[in-house]
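Engineer: Here is what each chain is made of, one letter per residue.
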Amino acid sequence: MATAPARTRPGHLARREALIGYVFISPWLIGFLVFLAGPILASLGLSFTQYKPGQIPIWVGLANYVRMFGDELFYLSLSVTTKYTLISVPLGLAIALGLALLLNQKVPGQRFFRTVFYVPSLISGVAMAIVFAWIFNSRFGILNYLLSFLKLDGPNWLSDPDFTLSAFVLMSLWGVGSTVVIFIAALQGVPVALYEAASLDGAVGWRRFIHITLPMISPVVLFAAITGVIGTFQTFAVSYIMTSGGPANASLFYLLYLYKNAFNWFEMGYASALAWFLFLIILICTGLLLRTSDLWVHYEGLGKK
Amino acid sequence: MNVAIAKPVRHARTSAVGVLIEVVKYTLLIGLAFSFFVPFLWMISSALKDDPQIYTVPPIWLPSPMHPENFINGWTKFNFTKFAANSIVRYAIPSTILVTLSSAVVAYGFSRLRWHGRDLLFGLCLATIMIPFQVVMVPLFITFKTLGWLNSYMPLVIPGIFGSPWFIFMLRQFFLTIPEELSDAARIDGAGEIGILFRIVLPLARPALIVVALFQFLGAWNDYLGPLLYINKEDLFPLALGIGILRRMTGETGTTALVYPYLMAVSTIITVPIIIAYFLAQRRFIEGITTTGMKG
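Those sequence lines, one after another, are chains A and B. Just so you know, the first sequence maps onto residues 0 to 304 in numbering that gives the first Met the number 0. Just so you know, the second sequence maps onto residues 0 to 295 in numbering that gives the first Met the number 0.
There may be inaccurate statements among the hints.
Cross-link-like lysine-lysine pairs, in silico, DSSO-like; alpha carbons within 27 angstroms at most [as the list claims (entries may be wrong)]:
no. : chain 1 : residue 1 : chain 2 : residue 2
1   : A       : Lys-51    : B       : Lys-144
2   : B       : Lys-232   : A       : Lys-259
3   : B       : Lys-24    : A       : Lys-105
4   : A       : Lys-51    : B       : Lys-232
5   : B       : Lys-144   : B       : Lys-81
Facing chain A, a subset of chain B residues (Cβ under 7 angstroms, in silico) [what the hints assert, rightly or not]:
no. : residue
6   : Phe-36
7   : Met-42
8   : Leu-100
9   : Ser-101
10  : Trp-114
11  : His-115
12  : Pro-131
13  : Ile-285
14  : Glu-286
These are computed hints drawn from the structure, not numbers from a lab. Note that the Cβ used here is the ideal one computed from N, Cα and C, for glycine as well.
Just chain A, same shape as in the assembly (with noise of 0.2 angstroms):
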């Protein structure tokens, strides 16, 4: 109540503040400096060279980026993950957000639902992967068994590469659990009297769903579009365990196309340039979050400053 802004303070006590407020956060700055700003600085350098572990850096200039260009895997690597993040990030967005409006009614069960559909979020990984190969094997896996009660005729999911793909979205479906959980929050979070005003007006249903829902959930949606982004950007273990990039590269994501040059084929400046291109894309999807920002950072406590 009677506490002194900031500003009214002597200064040697904001001068005190401010030397204990970098001891407190010396931690993160220091492991700022060291292991992103450093390494990321280190790598920049690297992708300059030609670099093989346990030799010296040979200085060749821009050949690894002029290579990268020519590169059939490269192309193939960037579209198979630009494929993946534009068919399962909307599709998963879509889903998450048909799944929050179902449980945002007041429905009988909604936490039993809310349970069975968070859950598989916090499974990623391994268990996930080897778990997925099984359902996907095209004989004896429970998906095309499923698929045979629709009349379908399941294809050889990751052993044709006109499918593993969308095998990879499939599975990255049953994640979208927390997106759903973020995204009942946010309908939680639209004001009531604004569907009072709307239904006075006469608007309902799908309507009201687009006039007013919709645009009133849009900052979150697009920060968990861009998180999503980010995120399909990162597939790797998925892809490593399932089907190491087969067949005939199909499922070969930019981190694994990544990885292997460095670690199986040790040629780490090269794969440095390619992590130089990744840190561009996230530069630039990083830069279109920050630009709305505002829009979706709730700063609640922000008046205390």
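We have chain A already, so just place chain B on it with the hints.
Structural biologist: Below, chain B alone, put in the same frame as chain A:
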């Protein structure tokens, strides 16, 4: 008046079309819930089968007889007890303690202290959330190799000292909701900032700390790429890599072992702690991701 007239009309609609909508809604929800649940059922069902049963077309859900011994035989096929111990004792527990503690200290500096440049640096911290570790994977690997840290958990645990931007963000949001008056009162009583953090802020922030600890624990439990980069001695494998050895056997011809049932049995055992963790802290999980938009 208008409202009073409109209401009965809407009720009339509810009884006719409304029931249909409800039916469609529930059919949809139950159908979707089932499809989210199928992988679990399939995993457990497959874990209980023997070799002829698992290669039966069409698949059987309830094998008869069941083979619960797969859980023990699969687990002991390789030294999974050792792998689990590595995952928990060498990786998850130390990294959880380090990350939670230091993220709390940093979050305190970003929320409970006022200083010039704070918000600028916090913005930078937020921005780094978006940069994936993989961008710096190569130079970090070279660094840790030079330090002689390969085949140890040091590269996975030690960076925890520097906190994690996600958790710093999450804890900061929580710390901001704690009344400033509590800190000021303690300051007047002569308490230092460390004392305020540990005696006042942290006890009040327990729910947020639990979420951070759980997320970090699960992150370590699920981590695959990290151990894959730094650990190649089977003795030191965490569960994520251990199950990979079993997985590779599926590709070998002429193996008579019950590879798929064992794989499913071990996957079930790996999944159970995650589900238990969720039920232990269900509300905290939901609160945690809704306040920050963090994904598990």
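Engineer: For each hint, tell me whether it holds in the structure or not.
Structural biologist: Hints and how they fare:
At most 27 angstroms may separate the alpha-carbon atoms for a hinted pair to count; A/Lys-51 and B/Lys-144 meet this at roughly 13 angstroms. Distance restraint check for B/Lys-232 and A/Lys-259: the Cα-Cα separation of roughly 20 angstroms lies within the 27 angstroms cut-off, and the hinted pair is therefore satisfied. Restraint check: the Cα-Cα separation between B/Lys-24 and A/Lys-105 comes to about 12 angstroms, which is no more than 27 angstroms; the hinted pair holds. Pair hint A/Lys-51 plus B/Lys-232 holds up; C-alpha atoms about 22 angstroms apart against a cutoff of 27 angstroms.
Distance restraint check for B/Lys-144 and B/Lys-81: the Cα-Cα separation of roughly 24 angstroms lies within the 27 angstroms cut-off, and the hinted pair is therefore satisfied. Hint on B/Phe-36 holds. Least Cβ distance to chain A is approximately 6 angstroms, under the 7 angstroms limit. Interface hint at B/Met-42: satisfied, since its Cβ lies 5 angstroms from the closest Cβ of chain A, which is below the 7 angstroms cut-off. With 7 angstroms as the threshold, the beta carbon of B/Leu-100 stays out of range of chain A, its nearest partner Cβ sitting at about 9 angstroms, so the hint is violated.
Residue-level restraint check for B/Ser-101 holds (minimum Cβ-Cβ distance to chain A is 5 angstroms; threshold 7 angstroms). A hinted interface residue such as B/Trp-114 counts as satisfied when its beta carbon comes closer than 7 angstroms to some beta carbon of chain A; here the least separation is about 4 angstroms, so the hint holds. About 6 angstroms separates the beta-carbon of B/His-115 from the nearest beta-carbon of chain A, less than 7 angstroms, and the hint is met. For B/Pro-131, the interface hint holds, since its Cβ comes within 7 angstroms of a Cβ in chain A; the closest pair sits about 5 angstroms apart.
Hint on B/Ile-285 holds. Least Cβ distance to chain A is approximately 6 angstroms, under the 7 angstroms limit. For the restraint placing B/Glu-286 at the interface with chain A, the shortest Cβ-Cβ distance is roughly 9 angstroms, beyond the 7 angstroms limit, so the hint is violated.
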